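**Student:** Read top to bottom, the protein sequences are chains A and B.
Just so you know, we're using my numbering here: the first sequence kicks off at 808 and counts up by one.
Just so you know, we're using my numbering here: the second sequence kicks off at 17 and counts up by one.
Simulated from the structure, these hints should not be mistaken for lab results.
Do not rely on the hints blindly, as some may be mistaken.
As the list claims (entries may be wrong) - So these bits of chain B aren't anywhere near chain A, every CB distance computed over 12 Å: (1) L58; (2) P66; (3) V70; (4) G75; (5) L78; (6) G79; (7) A116; (8) R123; (9) V152; (10) N160; (11) D188; (12) E189; (13) T215; (14) S243; (15) M244; (16) A271.
Said to hold, decoys possible - Some but not every residue of chain A turned toward chain B, in silico, with C-beta under 10 Å: (17) G909; (18) Y921; (19) F934; (20) A953; (21) G1063; (22) S1076.
Remember, it's a predicted structure, so these values are computed and weren't measured experimentally.
Just so it is clear, CB atoms sit at the ideal spot from N, CA and C, and this is done for glycine as well.
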Amino acid sequence: MHKNVTFKGWLLPALLLVPQLAVTFVFFLWPAGQALWQSMLVEDPFGLSTQFVWFENFQALFHSPEYLHSLKVTVVFSLGVAALGLGVALLLAAMADHVLRGRFVYQTFLIWPYAVAPAIAGVLWLFMFSPAVGVVAWLLGKVGIAWNHQIWGNQAMLLVVIAAAWKQVSYNFLFFLAGMQAIPRSLVEAAAIDGAGPGKRFWTIVFPLLSPTTFFLLVVNVVYAFFETFGIIDAVTRGGPAQATNILVYKVYADGFVGLNLGSSAAQSVVLMGIVVLLTAVQFRLVERRVQYG
Amino acid sequence: MVENRPLYTLMAHLVLILGVVLVMLPIYVVFMASTQAPADVLRAPVPMLPGAHVLDNYGAVLGRGLERASSGPVGPMMLNSLVMALGIAVGKIAISILSAYAIVYFRFPLRMTAFWIIFMTLMLPVEVRILPTYRVAAQLGILNSYTGLILPLIASATATFLFRQFFLTIPDELAEAARVDGAGPVRFFKDIVLPLSRTNIAALFVILFIYGWNQYLWPLLITTDPSMNTIVMAIQRMSVAAENEPEWHHITAVAILALLPPVVVVVAMQRLFVRGLIETEK
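Bound-form chain A, shown alone (with noise of 0.2 Å):
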């Protein structure tokens, strides 16, 4: 943390750090200081007047059946896009650690999606799944599967995961690969010589070692479906239809830029801000960790 050798005065250091200051405190922390202060408000829809109401806004949100919905569609969904993208990510690393030509071919392919902007990917997998020219949809109905994400929910969410978790193939796909390629090839081989096939190696040496790595990653997959996944439900669902993708993200948005309900809108953002710093003090942990071990 220390250097040694620093050099002297404070108004060089002051003047180079101004403008990161100045830009956090105008656009982060003042505005989430007026989320708090607003999240305790009730307004009426024209502005004309303000009363301060403490915690109402909160209880009033963890009655409103809406929003527990909205929890428990977030948690169906990051758990569905964790759960796909880990799983799909560990299979592919797993078989590029393991081929010697062409790792770097694969590797070009697989990564791809990750620079495709969310709203991007969310249409691209709309058009896949279009219930009028969908490729996907068009296949389905050939095996009797009726296809239409704008009429059942369950169908619209099992199609917003498949688009996000697409996304974050590239990325979980390279942590794994890396932290596979940091395993010692001497354990590998010790256990190859004590006669223990693929399939043993990986489920008793590789996977124990690797779970710093696929701790870490399900925290970054779970903030990422959290957080980051607002353009795909736009462009797909919009929370629709009837509320089944509703995520609390989108919900934030819904609510207070469309519905202009101020007060509980704030609320939410500050339940989220809640949510984000657990989460992030999580992930400094886990950090932590995987540098003390790695």
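Use these hints to put chain B onto chain A, whose structure you have.
**Tutor:** Just chain B now, kept in the frame of chain A:
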């Protein structure tokens, strides 16, 4: 490896090829759709081979836009996206490297306080504080401007943290030598620290360019003037209009145009990208 299992290796390749096919499938299908005549995209399944309308479709969206979705031409939107992505990437790197330098190479009161304040920004994504941030931007009068698109997003805890970690690995002897030779902090930064940080800056640039190009919610909120739209935010409006009267041959072309620049950056600078990604999470 000490053993040779040709069957397992074959299976590994097959799984990887299947994975690559699944990952690439949506991009392939959408690209094929963007080369077809309007009528061919209207019935399932969409042709799996390239059509003859590449120039028609891409020319139309770039120059004229989608008529039924009443959106403007996509060319200027791409320019807006480019300005925004470059502005965010350069801005974040510039203010982060300066603040990291101040935190690592100086002793001054409230140094750790400054570090923690910057660190807190990491915890507050735009998505959770959209309304108040929008209000601040409106009060400052930066709606519908490049300043509004770029400035609120350029504080970066991640980049500051990365530069800090890197500066801590620079040997003290360098600073010592510079001081003995009479170089002040500004000179040391310009002649030693900046050149040493080149690889880190490049790796970070790749990640931040993608971050900037792919912004969605923020431009959606603060640009009401169509001439300030970015391509990523505009596509949602097009696909909404498409539900009623599908214009898929054009929407797919816009999607390809929107994903091409960041994808090219990632593929062309793969090594830097992988390095940047894994470094920023440490």
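**Student:** Against each hint, give a clear statement of whether it holds in the structure.
**Tutor:** These are the hints, each one checked on the structure:
no.	hint	verdict
1	L58	violated, 6 Å
2	P66	holds, 15 Å
3	V70	holds, 17 Å
4	G75	holds, 20 Å
5	L78	holds, 17 Å
6	G79	holds, 21 Å
7	A116	violated, 9 Å
8	R123	violated, 5 Å
9	V152	violated, 6 Å
10	N160	holds, 16 Å
11	D188	violated, 5 Å
12	E189	violated, 8 Å
13	T215	holds, 18 Å
14	S243	holds, 20 Å
15	M244	holds, 17 Å
16	A271	violated, 5 Å
17	G909	holds, 7 Å
18	Y921	holds, 7 Å
19	F934	holds, 6 Å
20	A953	violated, 13 Å
21	G1063	holds, 5 Å
22	S1076	holds, 5 Å
Violation of the numbered hints given earlier is confined to hints 1, 7, 8, 9, 11, 12, 16 and 20; the remaining hints are satisfied by the structure.
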